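S.K.: Sequence:
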Amino acid sequence: MKIKFLAKGTAPNSYDISGRIINGIDVSLFPARATFTGNEETQAAGIYGMQWVDGVLHVSLGQMTKAYQFPVYSHDWEEGNWIDATDYDRSKCYVKATNPQAVALLDGDQAEYFRDNDGKWSVRMTETEEQEPVV
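Going letter by letter, the sequence shown gives residues 0 to 134 in numbering that gives the first Met the number 0.
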């Protein structure tokens, strides 16, 4: 099973994935060539889409995001790449910032993805040690 994450305002903080069960929903029951419509139960579990591709079930999940936490003040995000469900790490941000300034700062290790106390992912400047003033 493959999973990817979509940037959402509301989604679970993390996912319990055991085989083909995601947050208590058995996704193996989704038949090939069916159209995913979802319901309150799948939405509460953070499941936003399912499809079969070349015999492999692909499931779209949500990851909560909010505005970046530095002067770019953007909240532009894009979905992550497909990963194997067994590789899921609840402490990792899978969605991607898209603002060019934020991307440049992330690529230059001047910014980082972080999960705030509210469970939402954002981008912030990396902390640096302040130097002692020269006397």
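Among the hints, erroneous ones may be present.
[What the hints assert, rightly or not] Below 25 Å or equal to it, Euclidean Cα-Cα: the simulated PhoX-like pairs (lysine-lysine) are:
(1) Lys65 with Lys91
(2) Lys95 with Lys1
(3) Lys91 with Lys3
(4) Lys119 with Lys91
(5) Lys95 with Lys119
Derived by calculation from the structure, the hints in this document are not laboratory data. The structure displayed is predicted, hence computed values, not measured ones.
S.K.: Work down the list of hints and note, for each, if the structure agrees.
M.R.: Hints, verified against the model:
no. : hint              : verdict
1   : Lys65 with Lys91  : holds (15 Å)
2   : Lys95 with Lys1   : holds (18 Å)
3   : Lys91 with Lys3   : holds (12 Å)
4   : Lys119 with Lys91 : holds (12 Å)
5   : Lys95 with Lys119 : holds (13 Å)
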